[in-house]
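Since chain A is already given, all that's left is putting chain B on it; use the hints.
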Amino acid sequence: MIGAIQKLLFPPPPKFYGVMGIYYFVDDAAKAVTSLRQAGHKQVRVYSPVPHHEIVHALEEGPSLVRWVTAVGGFLGCTGGFALCFYTIYTWPMVIGGKELYSVPPFTILGYESMILLAGLSNLFGMLALARLPEIRPAAPYDPRFQEDRIGIWVACPPDKTGPIEQTMKGHGAEEVQVHA
Amino acid sequence: MSTLTPPAPRVVASAHADPEKRPLTQASLNDDVLKLISLPGKIWWAAFLFDLAVLAVALAAVRNLIVHGWGVSGFFRPVMWAVDITNFVFWVGIAHCGTLVSAVLFLFRSHFRRAVYRVAEAMTVFGVLTAAMFPAIHTGRPWFDYWLFPYPNQRGIWTNVRSPLEWDVFAVNTYLTISSIFFLVGLIPDVAAVRDRAKHPLMKFIYTLVSFGWTGANYQWKHFYGAYLFFAAIATPLVFSVHSIVSWDFAMAQVPGWHSTLFAPYFVAGAIFSGVAMVINLLIPIRKAFKLEHIVTLDHMEKLAKLVLLTSTMVGYSYLTEFFMAWFGPNKAEADLFWFRATGYLWPAFWTMFSCNVIFPLLLWFKGFRRNMVAIFILCLFVNVGMWFERFVIIVTSLNRSFDPATWFHYTISITEIALIVGSFAWFFMFFLVFVRVLPAFSIAEIKETLPPPRRGNGVHA
Chain A
1 MIGAIQKLLF PPPPKFYGVM GIYYFVDDAA KAVTSLRQAG HKQVRVYSPV
51 PHHEIVHALE EGPSLVRWVT AVGGFLGCTG GFALCFYTIY TWPMVIGGKE
101 LYSVPPFTIL GYESMILLAG LSNLFGMLAL ARLPEIRPAA PYDPRFQEDR
151 IGIWVACPPD KTGPIEQTMK GHGAEEVQVH A
Chain B
1 MSTLTPPAPR VVASAHADPE KRPLTQASLN DDVLKLISLP GKIWWAAFLF
51 DLAVLAVALA AVRNLIVHGW GVSGFFRPVM WAVDITNFVF WVGIAHCGTL
101 VSAVLFLFRS HFRRAVYRVA EAMTVFGVLT AAMFPAIHTG RPWFDYWLFP
151 YPNQRGIWTN VRSPLEWDVF AVNTYLTISS IFFLVGLIPD VAAVRDRAKH
201 PLMKFIYTLV SFGWTGANYQ WKHFYGAYLF FAAIATPLVF SVHSIVSWDF
251 AMAQVPGWHS TLFAPYFVAG AIFSGVAMVI NLLIPIRKAF KLEHIVTLDH
301 MEKLAKLVLL TSTMVGYSYL TEFFMAWFGP NKAEADLFWF RATGYLWPAF
351 WTMFSCNVIF PLLLWFKGFR RNMVAIFILC LFVNVGMWFE RFVIIVTSLN
401 RSFDPATWFH YTISITEIAL IVGSFAWFFM FFLVFVRVLP AFSIAEIKET
451 LPPPRRGNGV HA
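Top line first, the protein sequences correspond to chains A and B.
With the working numbering, letter number 141 in the first sequence gets 141, and the count goes up by one each step, no holes.
With the working numbering, letter number 27 in the second sequence gets 27, and the count goes up by one each step, no holes.
Heads up, a few of these hints could be off.
What the hints assert, rightly or not - Think about it this way: if two alpha-carbon atoms lie no more than 30 Å apart in a straight line, the pair counts; the simulated BS3-like pairs of lysine-lysine are:
#1 K288/B x K199/B
#2 K15/A x K204/B
#3 K15/A x K199/B
Everything labelled a hint here was simulated from the structure, so no lab data went into it.
The following block holds chain A by itself, in its conformation from the complex (with noise of 0.2 Å):
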């Protein structure tokens, strides 16, 4: 039972080409990423449980799109909320004390919450896109070692070409490679 509940809920992962070095030491990952780089390997992912300063510098890694999303998205619900306040106001007008309709100091409030909600869901919906989750298929051979304390350096390549990838690992201090092939 708990065999065919397992089969359905977790398919067996596609077959991978490529090699996986994985790393204990920040800065032997670090070199080795730009050796490949240095190799002609722009594809390099990073499996690591922490971001580091040195692999993200040696992948030039640029910032995240992200906050353009979010700066839409506020621009947006700001827009909509002040919208949405003198959309109502007129369509259902209540005259207190003769005054005008429009007040500005509490349709600032909403647009201003609005504002912010729609930036967060922005944000939200902007980092899962790119950040392409969620992962349903895996995109290299994943290790839970990666969310404890090792590094993985995962180089994609055609069987015939995994030597002078994994000899790089190797001679950069890698704990364990794992040839693909």
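Frame of chain A; chain B shown alone:
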């Protein structure tokens, strides 16, 4: 496959007698935090069943309120808000600390937050869930609560966006949404660690869903922290706005004791004050029960105690300013009201508030007191009692001593109201007890960032 370097030896944390000096490594941190997620023992079950029993009594009280009307709670004109809205403001205040610790201290790069923010965030989410119940019940006909939201309807009626109560609907719901997202997003990497250790396939499946299939890949971390920074940036003004808006529920009315521009900063400081005190009350038993003194250290607790001291002085300053303005200002009703607060028949509530929030926290000036866990646990209990009474004093004394002496009223608390107060704590702790057992109560990923990374170059390794 070839093994080139022998794996680093695993450190056993419990091997050290002094709990503060237990070694902490990346791998042992996983062990220490994830040991909380296990089948609960007898003490947990006893606490949980007791909690549910108390909650059942409170639900019976709510049922009476709904079936028989608000008269059974002793709410009569002019004191129509009484304990319900006292509870609402109290729990919104409690909820403020989580986002303060996770967002504001994140922007200021205060590293001590990493050990404590998950508990604070959980407290925020459960606090808002508790707070939101009270206005919902207070409407008297909770099945019509959806009228509070602006939605198109066949009569063309819209909510009054100029009403402070409508601002509250927007503020509290935005706060609940954003704080929940912040809490759940922060959990993603840690839940992946739980998933990897889950043995039962169903549990593994649930944790896989909650972790969104997180693997810790570089592109995931990049956008995770990119988004986290912006969550912090948008949650910071939200913290200050929400309790300001809650304060304007009162300040927009011309009732003596309420109509003051001081209210927004006064309420925000009070919210942080009570929230941090509640975090201390939650953390001390957890770190002791699960032997986590090396993760949540004395230094962390002392820094939280300093926050309590800081906000206590702000709250005390606000109390004194209120009295000064009442004495100095031209409003006779205001002056009478403040004199009544301190000397009228509700004086025990006022002096409990003042003692617990201003006088007792002065003990925190002493380092020895700040580093004594029993002492600050008891003090923070007093602070929370004091902060509940603060809201009670603001609401009840002002409502029952308004401008017209003909409306003055002798308020007494009813048994139904007491059931609601106790029930709100049972509701909150029901969520919290479950949280501690099913989700990582401490941020594994963020605490790991405070540990020196293993480097061959400088020899730092486990």
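The hints, checked one at a time:
Taking the CA atoms of K288/B and K199/B, the gap is about 27 Å. The hint holds against a cut of 30 Å. With a C-alpha separation of about 22 Å, the suggested pairing of K15/A with K204/B holds against the 30 Å cut-off. Restraint check for K15/A and K199/B: the C-alpha separation of about 24 Å stays at or below 30 Å, so the hint holds.
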